[in-house]
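Chain W is already provided as a structure; the job is to place chain V on it using the hints.
Protein chains: 2
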Amino acid sequence: MSQPALQVWIEFASTYSHVAAQRVEEVARDAGVALEWRPFLLGPIFQKQGWNDSPFNLYPVKGAYMWRDMERLCAKHGIPLRRPSRFPRNGLLAARVATAAAAEPWLGAFVRGVYLANFAEDEEIAEPECVARVLAASGGEAPEHWLARAASPEIKQRLRDRTDEAIALGVFGAPTFVARGELFWGNDRMEDAMEWCRS
Amino acid sequence: MSQPALQVWIEFASTYSHVAAQRVEEVARDAGVALEWRPFLLGPIFQKQGWNDSPFNLYPVKGAYMWRDMERLCAKHGIPLRRPSRFPRNGLLAARVATAAAAEPWLGAFVRGVYLANFAEDEEIAEPECVARVLAASGGEAPEHWLARAASPEIKQRLRDRTDEAIALGVFGAPTFVARGELFWGNDRMEDAMEWCRS
Chain W
418 MSQPALQVWI EFASTYSHVA AQRVEEVARD AGVALEWRPF LLGPIFQKQG
468 WNDSPFNLYP VKGAYMWRDM ERLCAKHGIP LRRPSRFPRN GLLAARVATA
518 AAAEPWLGAF VRGVYLANFA EDEEIAEPEC VARVLAASGG EAPEHWLARA
568 ASPEIKQRLR DRTDEAIALG VFGAPTFVAR GELFWGNDRM EDAMEWCRS
Chain V
418 MSQPALQVWI EFASTYSHVA AQRVEEVARD AGVALEWRPF LLGPIFQKQG
468 WNDSPFNLYP VKGAYMWRDM ERLCAKHGIP LRRPSRFPRN GLLAARVATA
518 AAAEPWLGAF VRGVYLANFA EDEEIAEPEC VARVLAASGG EAPEHWLARA
568 ASPEIKQRLR DRTDEAIALG VFGAPTFVAR GELFWGNDRM EDAMEWCRS
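Chains W and V supply the protein sequences, listed in that same order. With this note's numbering applied, the first sequence corresponds to residues 418 to 616, in that order. With this note's numbering applied, the second sequence corresponds to residues 418 to 616, in that order.
FYI, nobody ran anything at the bench for these hints, they're computed from the structure. Hints are supplied without guarantee of correctness; some may be wrong.
Copies of the same chain look alike in the list, so a pair counts if it works inside one copy or between any two.
The calculated DMTMM-like cross-link candidates involving lysine to aspartate or glutamate, where the alpha carbons are at most 25 Å apart (straight line), are [stated by the list, open to error]:
(1) K479 to D581
(2) K479 to D578
(3) K465 to E599
(4) K479 to E612
(5) K479 to E582
(6) K573 to E521
(7) K479 to E453
(8) K479 to E599
(9) K493 to E599
(10) K465 to E538
(11) K573 to E544
Chain W with its partners taken away, still in its complex shape (with noise of 0.2 Å):
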């Protein structure tokens, strides 16, 4: 039988999804294990929760812990950070783009390219001119193409119901790895879920 995919379910605001982003294709590479991202939205996850903003401004002892706790992450895995002046940003736009191109070979470097823009580069990623630079950097050929289909009603849905997919596995938060059912939360679970998935 052959092994399942780990799902690596991500959120464009969310700050350890940068930093599980720059890691998990390498980690995924050294243990054999294939991906498949799930771009999705935390926005009416949270809402269901009563929460109309990032926990991270709602609890704001949490949130300068959160930040602190990135910096000291990312120094210790080599990943660049600037924390953003606005936080969190909008990341529907990216999160469309990144459904539509479930199949091609860039989206892993767009993926890492937009957190990277948000988090590294201080860079509006609700912006189709950012979206669009991102995309070119990622080998991901005419921008243009991409932003439309992310603008079809087809792929506004896609991302819906992937939405209303993460809700009923029990996603709550971001980054969730996902192999066979099983939920592993956080860039700090990175490790036992690729174990799961080779078990």
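What follows is chain V alone, placed relative to chain W:
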């Protein structure tokens, strides 16, 4: 310059503190790091955030994940776990005893014993009989002496001061490791905290 001790801030109702408490003495010994237990209460801190219950109860999806994650984590580390019939349990009495016993050589055994009572033996750690049994099993002589000390105004005030100190440090959850004012939140950060302590 001698290296600072690593403070281990724990709340007896906290699930991940159970994992940390069972592991931390061995990890610290291997790392050559001295420990200082810091029992405190999360209740007043949660109340400041508008929570009158554990966030794992207030957010059941997160709670369901936590119990599954605890199962995996305890299995991985060989730590006993049985989901308690009551959660969270009131750790006030045990925290007062641990505060009173700060200088006792059996404090670590007592801390581990209280967590095992709560999270492996499903016992009522709020009850003096339970705490007395754990005291006796930990090598603490004269449990009645320690229960009386725990009930003294001096120790009650010392624990309140501790919780105020936790708030001043920016502690928002348990376990939290603190070295030279640097916070590391969660059992997952134990090794990073040891490293920080030695650096």
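Task: Numbers of unmet hints, in rising order - done: 10
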